[in-house]
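Protein chains: 2
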Amino acid sequence: MVQAKTWILVKHFDGFPKQSNFELKVEELPEPKDGEVLLEAVFLSVDPYMRPFSRIRMKEGNVMIGTQLAKVIQSNNPAFPVGSHVVGRCGWRTHTVCDGTDLVAIMPDWPQDVSLSLALGIIGMPGLTALYGIEEVLGVQKGSDAKVAFLKELGFDEAFNYKTVGSLEEALKQASPEGYDCFFENVGGPFSTVALQQMKNFGRIAVCGSISVYNDTTPQTGPYPHLTMIFKQLKMEGFMHSKWEHKHPESLKRLMGWLKEGKLHSREHITKGFENMPAAFMGLLRGDNIGKAIIAV
Amino acid sequence: MVQAKTWILVKHFDGFPKQSNFELKVEELPEPKDGEVLLEAVFLSVDPYMRPFSRIRMKEGNVMIGTQLAKVIQSNNPAFPVGSHVVGRCGWRTHTVCDGTDLVAIMPDWPQDVSLSLALGIIGMPGLTALYGIEEVLGVQKGSDAKVAFLKELGFDEAFNYKTVGSLEEALKQASPEGYDCFFENVGGPFSTVALQQMKNFGRIAVCGSISVYNDTTPQTGPYPHLTMIFKQLKMEGFMHSKWEHKHPESLKRLMGWLKEGKLHSREHITKGFENMPAAFMGLLRGDNIGKAIIAV
Numbered sequence: 012m013v014q015a016k017t018w019i020l021v022k023h024f025d026g027f028p029k030q031s032n033f034e035l036k037v038e039e040l041p042e043p044k045d046g047e048v049l050l051e052a053v054f055l056s057v058d059p060y061m062r063p064f065s066r067i068r069m070k071e072g073n074v075m076i077g078t079q080l081a082k083v084i085q086s087n088n089p090a091f092p093v094g095s096h097v098v099g100r101c102g103w104r105t106h107t108v109c110d111g112t113d114l115v116a117i118m119p120d121w122p123q124d125v126s127l128s129l130a131l132g133i134i135g136m137p138g139l140t141a142l143y144g145i146e147e148v149l150g151v152q153k154g155s156d157a158k159v160a161f162l163k164e165l166g167f168d169e170a171f172n173y174k175t176v177g178s179l180e181e182a183l184k185q186a187s188p189e190g191y192d193c194f195f196e197n198v199g200g201p202f203s204t205v206a207l208q209q210m211k212n213f214g215r216i217a218v219c220g221s222i223s224v225y226n227d228t229t230p231q232t233g234p235y236p237h238l239t240m241i242f243k244q245l246k247m248e249g250f251m252h253s254k255w256e257h258k259h260p261e262s263l264k265r266l267m268g269w270l271k272e273g274k275l276h277s278r279e280h281i282t283k284g285f286e287n288m289p290a291a292f293m294g295l296l297r298g299d300n301i302g303k304a305i306i307a308v
Numbered sequence: 012m013v014q015a016k017t018w019i020l021v022k023h024f025d026g027f028p029k030q031s032n033f034e035l036k037v038e039e040l041p042e043p044k045d046g047e048v049l050l051e052a053v054f055l056s057v058d059p060y061m062r063p064f065s066r067i068r069m070k071e072g073n074v075m076i077g078t079q080l081a082k083v084i085q086s087n088n089p090a091f092p093v094g095s096h097v098v099g100r101c102g103w104r105t106h107t108v109c110d111g112t113d114l115v116a117i118m119p120d121w122p123q124d125v126s127l128s129l130a131l132g133i134i135g136m137p138g139l140t141a142l143y144g145i146e147e148v149l150g151v152q153k154g155s156d157a158k159v160a161f162l163k164e165l166g167f168d169e170a171f172n173y174k175t176v177g178s179l180e181e182a183l184k185q186a187s188p189e190g191y192d193c194f195f196e197n198v199g200g201p202f203s204t205v206a207l208q209q210m211k212n213f214g215r216i217a218v219c220g221s222i223s224v225y226n227d228t229t230p231q232t233g234p235y236p237h238l239t240m241i242f243k244q245l246k247m248e249g250f251m252h253s254k255w256e257h258k259h260p261e262s263l264k265r266l267m268g269w270l271k272e273g274k275l276h277s278r279e280h281i282t283k284g285f286e287n288m289p290a291a292f293m294g295l296l297r298g299d300n301i302g303k304a305i306i307a308v
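Line by line, the protein sequences give chains A and B. Numbering of the first sequence is given in this note's numbering, commencing with residue 12 and proceeding in unit increments. Numbering of the second sequence is given in this note's numbering, commencing with residue 12 and proceeding in unit increments.
If we strip away everything but chain A, and leave its shape as in the complex, we get (with noise of 0.2 Å):
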């Protein structure tokens, strides 16, 4: 008989998530029965997303929603054999039963140097979402191979910081006079008012986070955007990775590529300990990660 600890959301989110939202619970599981495998999680994401998903697709008592890296068990479905690893979407637990139905094995030839925890990111939804954003969504297109050197010698152009700029007006036009053809919209909110305004005539805003809206209590409100999409003649899309799942596994191999060759940088905040992962929430939330979040059990 194996015990799972578990959080369970409690309490939905009202606001700024608090510890109390969530209560640490142990669970016996059965036996998996015929085509069902049993899940030991090496390493759990936190992600942006849970805030506002856990009001929609969730309720209170169930054990919050989440992907994780788990190693397989004890099996008795011959697609997922002893000792493999697969991303399975079980949720705040250390250990699920489950069918195979809504898990994927990693890469068959997940090189060995590359960390598995990496499949909850760059080689994983955040990584496929970035992808998908830039090629689908906003279209981009190959650019000069002068100015891809630069940008390797550069990095990024232009950053700053959303929360701690003075003016976002004149952080967005310094950065880019003549305005942007394209925007990856993830913190919405005030932001994306300003940030619509520098837009280009026929820009694109691939939109798949609002960060700065999550824990709202109130809606916040902004002007309409609709008069200024209409003489920009803008297209704003709203995407999930989930979208193109037909196009995952070519999409992966694509990025572990360029991970190899270099072209792909990563960096993870990784927390220790499942006991921690509320805080590892609230802290993503708060923005004190520096790379994508990561729980180690």
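Calculated from the structure, these hints are not laboratory results. Heads up, some of the hints might be wrong.
Stated by the list, open to error - With the Cβ distance kept under 7 Å, some of the chain B side facing chain A (calculated, not the full set):
(1) 108
(2) 109
(3) 111
(4) 230
Unchecked claim - Computed cross-link-like contacts, DSS-like style, restricted to lysine-lysine with a CA-CA straight-line distance of at most 30 Å:
(5) 243/B to 274/B
(6) 283/B to 16/B
(7) 22/A to 82/B
(8) 243/B to 254/A
(9) 271/A to 258/A
(10) 184/A to 254/B
(11) 264/A to 16/B
Note that beta-carbon positions come from the ideal geometry of N, C-alpha and C, so glycine has one too.
With the hints as your guide, set chain B onto chain A.
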């Protein structure tokens, strides 16, 4: 020497347009030079876009922007012979001297029994905007034969007045309980927030107008749309018909064909007298018109 009556925007609109924003002025026109023509307005159009565009395209003292159907009454340009009709962005004026740059001759085979005023309506910018919004932006597919028959039978399935309806939310839910795939946005403001909530996943929103905010003195605000756009993976695109200018000739032919076949129905709200143009414009923004607002000189 020809005298042109013109309507000048003497003061930028502040809130709802007033008669005092306009001044009727008589202008002496020069003789048309080589390559130039002299036009006489037959029909002029007032359109909601004039309200927001006046702010970004005009200075105080300019002749109001706008499109007219005019007759060539003198010509030093073989492309536009005397007696022919053109659509031109000449502004609110009875007579114009210009080279042909901004003029479009009406279709050579314009049917005798179709009013030339429709070149400002269903066989012009508004017709093209509807066509491109539906086909290019919303990507509406051909419906099944049964659906088409049903639509033909009923005209529209459902309709309501967004200004007088008790609850927009209830009206939209009742009209289509399962939600909406496509939304042609012309109203904006609080209406857009309610409509956004009724979209289905992967819905498309074509934005070519936002009349409910045009007369704001301070911008109305509403909840930011981003989170809903992510959850439902919505696409929203601001556009003007000019984006598909290369398709205009073929599109106008299609519109004319549908009109002649009785598939398109046009209704016009004609105001007589150039002197009444500001009044017609203000009536349009109040929603007094049913059908395309046209001024017959």
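Sort out whether residue 254/A lies within 30 Å of residue 243/B, counting only the CA atoms. Satisfied, since the Cα-Cα distance of roughly 11 Å is no more than 30 Å.
Closer than 7 Å between Cβ atoms is the bar; does residue 230/B clear it against chain A? Give me holds or violated. With Cβ-Cβ at 4 Å, under 7 Å, it holds.
Residue 243/B and residue 274/B were given as a pair; does the straight-line alpha-carbon distance stay at or below 30 Å? Violated, at about 34 Å.
Is it true that the CA of residue 22/A sits at most 30 Å from the CA of residue 82/B? Distance of about 72 Å is beyond 30 Å: violated.
Restraint: residue 109/B near chain A, CB-CB cut 7 Å. Satisfied or not? 25 Å, violated
Pair hint outcome, residue 283/B versus residue 16/B [Cα-Cα no greater than 30 Å]: Holds, at about 15 Å.
Hinted pair residue 264/A and residue 16/B, Cα distance within 30 Å: 69 Å, violated
Would the hint linking residue 271/A and residue 258/A be met if the CA-CA limit is 30 Å? With a Cα-Cα distance of about 20 Å, the restraint between residue 271/A and residue 258/A holds, given a limit of 30 Å.
Should the interface hint for residue 111/B be scored as holding, given a Cβ-Cβ cut-off of 7 Å against chain A? The hint is violated - residue 111/B has no Cβ within 7 Å of chain A, the shortest such distance being about 26 Å.
Hey, residue 184/A versus residue 254/B, does the alpha-carbon distance stay inside 30 Å? Roughly 26 Å between the alpha carbons, so the hint for residue 184/A and residue 254/B holds.
The hint names residue 108/B as touching chain A; please verify it with the least Cβ-Cβ distance against 7 Å. 30 Å, violated
Of the numbered hints given earlier, the model fails hints 1, 2, 3, 5, 7 and 11; all others are met.
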